[in-house]
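Student: Spelled out, the chains give:
Number of protein chains: 2
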Amino acid sequence: MIPRRISKPLTIGDVPVGGGRPVVVQSMTNTDTRDALATVKQIHALEEAGCEIVRVAVPDMAAAEALPRIKSQIHIPLVADIHFDYRLALAALAAGVDGLRLNPGNIRERDKVAAVVRSARERQVPIRIGVNAGSLPPLPPLAPGEHPPPTPQRMVDVALEQARFLEALDFHLIKISLKAFDVPTTVEAYRLIAPLVPYPLHLGITEAGTVRAGSIRSAVGLGILLYEGIGDTIRVSLTGDPVPEVETAYHILSSLGLRQRGPVLVSCPTCGRCETDLVSLAQAVEERLVRLGKPLKVAVMGCVVNGPGEAREADLGLAAGKGRGVIFKKGQVLRTVEEKDFLSALLTEIDGL
Amino acid sequence: MIPRRISKPLTIGDVPVGGGRPVVVQSMTNTDTRDALATVKQIHALEEAGCEIVRVAVPDMAAAEALPRIKSQIHIPLVADIHFDYRLALAALAAGVDGLRLNPGNIRERDKVAAVVRSARERQVPIRIGVNAGSLPPLPPLAPGEHPPPTPQRMVDVALEQARFLEALDFHLIKISLKAFDVPTTVEAYRLIAPLVPYPLHLGITEAGTVRAGSIRSAVGLGILLYEGIGDTIRVSLTGDPVPEVETAYHILSSLGLRQRGPVLVSCPTCGRCETDLVSLAQAVEERLVRLGKPLKVAVMGCVVNGPGEAREADLGLAAGKGRGVIFKKGQVLRTVEEKDFLSALLTEIDGL
Numbered sequence: 199m200i201p202r203r204i205s206k207p208l209t210i211g212d213v214p215v216g217g218g219r220p221v222v223v224q225s226m227t228n229t230d231t232r233d234a235l236a237t238v239k240q241i242h243a244l245e246e247a248g249c250e251i252v253r254v255a256v257p258d259m260a261a262a263e264a265l266p267r268i269k270s271q272i273h274i275p276l277v278a279d280i281h282f283d284y285r286l287a288l289a290a291l292a293a294g295v296d297g298l299r300l301n302p303g304n305i306r307e308r309d310k311v312a313a314v315v316r317s318a319r320e321r322q323v324p325i326r327i328g329v330n331a332g333s334l335p336p337l338p339p340l341a342p343g344e345h346p347p348p349t350p351q352r353m354v355d356v357a358l359e360q361a362r363f364l365e366a367l368d369f370h371l372i373k374i375s376l377k378a379f380d381v382p383t384t385v386e387a388y389r390l391i392a393p394l395v396p397y398p399l400h401l402g403i404t405e406a407g408t409v410r411a412g413s414i415r416s417a418v419g420l421g422i423l424l425y426e427g428i429g430d431t432i433r434v435s436l437t438g439d440p441v442p443e444v445e446t447a448y449h450i451l452s453s454l455g456l457r458q459r460g461p462v463l464v465s466c467p468t469c470g471r472c473e474t475d476l477v478s479l480a481q482a483v484e485e486r487l488v489r490l491g492k493p494l495k496v497a498v499m500g501c502v503v504n505g506p507g508e509a510r511e512a513d514l515g516l517a518a519g520k521g522r523g524v525i526f527k528k529g530q531v532l533r534t535v536e537e538k539d540f541l542s543a544l545l546t547e548i549d550g551l
Numbered sequence: 199m200i201p202r203r204i205s206k207p208l209t210i211g212d213v214p215v216g217g218g219r220p221v222v223v224q225s226m227t228n229t230d231t232r233d234a235l236a237t238v239k240q241i242h243a244l245e246e247a248g249c250e251i252v253r254v255a256v257p258d259m260a261a262a263e264a265l266p267r268i269k270s271q272i273h274i275p276l277v278a279d280i281h282f283d284y285r286l287a288l289a290a291l292a293a294g295v296d297g298l299r300l301n302p303g304n305i306r307e308r309d310k311v312a313a314v315v316r317s318a319r320e321r322q323v324p325i326r327i328g329v330n331a332g333s334l335p336p337l338p339p340l341a342p343g344e345h346p347p348p349t350p351q352r353m354v355d356v357a358l359e360q361a362r363f364l365e366a367l368d369f370h371l372i373k374i375s376l377k378a379f380d381v382p383t384t385v386e387a388y389r390l391i392a393p394l395v396p397y398p399l400h401l402g403i404t405e406a407g408t409v410r411a412g413s414i415r416s417a418v419g420l421g422i423l424l425y426e427g428i429g430d431t432i433r434v435s436l437t438g439d440p441v442p443e444v445e446t447a448y449h450i451l452s453s454l455g456l457r458q459r460g461p462v463l464v465s466c467p468t469c470g471r472c473e474t475d476l477v478s479l480a481q482a483v484e485e486r487l488v489r490l491g492k493p494l495k496v497a498v499m500g501c502v503v504n505g506p507g508e509a510r511e512a513d514l515g516l517a518a519g520k521g522r523g524v525i526f527k528k529g530q531v532l533r534t535v536e537e538k539d540f541l542s543a544l545l546t547e548i549d550g551l
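As given, the protein sequences belong to chains A and B, one line each in that order. Per the working numbering: the first sequence = residues 199 to 551. Per the working numbering: the second sequence = residues 199 to 551.
If you are wondering where the hints come from, they were derived from the structure by calculation, not from laboratory data. Incorrect hints may have been included.
Treat identical chains as interchangeable: a pair holds within one or across any two.
[What the hints assert, rightly or not] Here are the simulated lysine-lysine pairs, DSBU-like style, with alpha carbons at most 35 angstroms apart:
1) K528 x K269
2) K492 x K310
3) K538 x K492
4) K520 x K492
5) K269 x K527
6) K527 x K206
7) K239 x K538
8) K527 x K239
9) K520 x K239
10) K528 x K206
11) K528 x K239
12) K538 x K206
13) K520 x K310
Computed from a predicted structure; not experimentally measured.
Looking at chain A on its own, in the form it has when it is part of the complex (with noise of 0.2 angstroms):
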C-alpha cells in the first residue's frame, strides 16, 4: 500500500475527493458544448468506461445555456472549464454545475474573480485552480520577444497567489492543479507545493500527444507522483476520443495497486521457448476479460521458466509446455489441458469465478 498524502476532503457532486479517498478518474469532452445532445452521448460513454467526474469547456454564452441539459441526463458530477470570461462562471454556477475550473492565467481582474468566488462559496461549489505551463500570466520578457520559461516554482506561485486570494474572499472549497507537458517540470511543480498546501491536488499532464505516446507520457508523470502518495484526482490528456483517457487511468492506477477495474491480465511476452501461440490466446483472454469486467488477475504464460511462478500468483494462471499446460486456481495446480483446449479451459475457469 502507498502511503497518500492526506489533503483536505471535499466533495464534486456527490464524488468525494481527498482526504485519503481512492484516487478520481476524470475526463473532459471534446464535443461542442453547446450540442447538447453530442455531449451527453460522450458523456455517457465516458461513464461506461469508469469516469468518474466530467469537464466540459464553456467557451460562450451559448454553451453555458446547453449545461443544464447536459446535467439532467448524465449520472457524474459536471465541471465547468471556464477562461477569459467570468460571466460564463457565473452562467455555469447558476445552471448548476458541481465544479468550476478556473485558469488564474485567464481570468486575472481581481474583481471579476471575487464575484464568481463569492458565488460558488453560496453554492458551496468547489473551485479548481488549473494552472497550466502553456498559460502562465505574462512576466516582463527578459529581452525583446523573449518569453520566461514556465518554471514549476512559477507555476506554483501562480497557484499559491490565486489559492490565497480565494481564501481571503472565506472561500477554501480549492483543488489545485499544475500541468505541463514535460514530465520533470510537472513533478517538480506538484512536489513543490504538496506540503505548501491542504487541498486535494488534481494530475496531470497537458497535451500528452496522440494515444500511445501521450498515454506513455502521462503514465510516467502521473505514476512517479501517484507512487509518492501525490494525487486525489487525475485526468489523463490524450489527441482524440476521450475513452481512451480514462482507459489509460485506470491501467495506471492498477498497475499502482491503488484502484482496480477490471481485470489484470499478466501475459509473457514469448520467446524462442515458446511452443504455443500465446499471442493470440493472451488477446482472447484479455477480450473476454474485458467484457466480464471483473476485478480478475489472471495469467497466461508461455514456458516452464517463470509460468508456474506468476500463474500461482494470479487468479487463474495457465504455464504452457509443449502441446499441453497446467491450469492454476487461486494458487493450486486445478488440472492439465491439452494445447488445443487452452482457450475453452481458460474461458470456462474465468467465468465460474
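For chain A, the structure is supplied; the task is to place chain B on it using the hints.
Tutor: Showing chain B alone in chain A's frame:
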C-alpha cells in the same frame, strides 16, 4: 537533467553500458531461435526501431548452434538467455555471443555456474544476473503447498548471493535485473539493491501484458526508477511482436528527457473550445514526423488558451483558432495560415527544419 546512479561501466559487444552512459534500449526475439532466418529478420526490424542490444532464448542445443549464423547477420550485440542447462551457456559463449543472461533460480548447482563463469571470464563476456519474481529458487513452504510470496528483499538476496559467487570467481562483468509484474515490488527491489552493488542495473516489468496495458504498466514502473536515476539498460516486455517494446522504451525515455529518438508531438486533447479537426491534423503530423525520424518537438494546439504558450516552447508549433492559426518557429511567430492550409504549412516547415 536527472542525476543518474553511476554504475561500474562495461560493454556488451560495442555498446557501453553503465557509468552514466545513456540508457540503452534492449528487446528480445520471440521467433524460434533455431530458425536463424526468421530470427535475423526480426532482429533487423528491431534494429530499425532503435533496439541497441537483442536477447534470444537458447532453450536447446539446436538453438545454440544457430547463434553463429544469427550473430554474423546482425548489427547489434547478441545476448543469450539461458535457463536450466549450463551446457547451453557454454555453447552460447563458444558461439561468440556478446552477453549471457542467467536466471539464478534456474541454474543453481555451483560447479556448473562456475564452469560458465570461467568461460565468460576468459572471453570477457558480461553476465546478467536476471532475477525474476516468478522463478525464484524455492524456499521451504510456509505450510504444505503454501509458497512464500516473492518479496523485494528475497529478490535482492537471490541476486546478491549470485553476485558474491561470481565475484569469488574473480568475475566482475556483472549486470543485475530484478523483474516482477507488480510495480511496487519491482521498484522496491531496485531501490534496495541500488546502493548495495556497483553494477549496472537492467530494468524491466516482466510479463507486463498486451501492448496497451503492458506499455502503461512498464511506463509507470520504469518511469519511477529512471526518474530516481536508477537503470542503465531497459527492456519493455509486451505480449506480441517485439518492435512496439522498443517504441515504448523510447517514449518512456523521451518523456523524462533521458533519450530522444525521433520527434516529440505536443498535441492537445481538444475540447468544446476547439474549432478545427485537430485530431486528424495531429495524427497526420505525427505520421510525417515519425517517417522523418528527426528529433524535433512539434506542437499542434487547438485553441488560444494554451496554444501560443506551448507552440512557443516547441521547435515548430501551430496554435489554431477559428478558421486560421498562427505558426511558431523556435519561439517566434512566423505567420498566420488559413485552416485549409494547416497541414501543408506545417509539413513544409517540418521538412525545412
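Student: With reference to the structure, classify each hint as holding or not holding.
Tutor: Status of the hints after comparison with the structure:
{"no.": "1", "hint": "K528 x K269", "result": "neither (44 angstroms within a copy, 43 angstroms between copies)"}
{"no.": "2", "hint": "K492 x K310", "result": "neither (48 angstroms within a copy, 46 angstroms between copies)"}
{"no.": "3", "hint": "K538 x K492", "result": "within (26 angstroms within a copy, 47 angstroms between copies)"}
{"no.": "4", "hint": "K520 x K492", "result": "within (30 angstroms within a copy, 45 angstroms between copies)"}
{"no.": "5", "hint": "K269 x K527", "result": "neither (45 angstroms within a copy, 42 angstroms between copies)"}
{"no.": "6", "hint": "K527 x K206", "result": "neither (42 angstroms within a copy, 43 angstroms between copies)"}
{"no.": "7", "hint": "K239 x K538", "result": "between (42 angstroms within a copy, 29 angstroms between copies)"}
{"no.": "8", "hint": "K527 x K239", "result": "neither (40 angstroms within a copy, 38 angstroms between copies)"}
{"no.": "9", "hint": "K520 x K239", "result": "between (49 angstroms within a copy, 25 angstroms between copies)"}
{"no.": "10", "hint": "K528 x K206", "result": "neither (39 angstroms within a copy, 42 angstroms between copies)"}
{"no.": "11", "hint": "K528 x K239", "result": "neither (40 angstroms within a copy, 40 angstroms between copies)"}
{"no.": "12", "hint": "K538 x K206", "result": "neither (55 angstroms within a copy, 48 angstroms between copies)"}
{"no.": "13", "hint": "K520 x K310", "result": "between (72 angstroms within a copy, 26 angstroms between copies)"}
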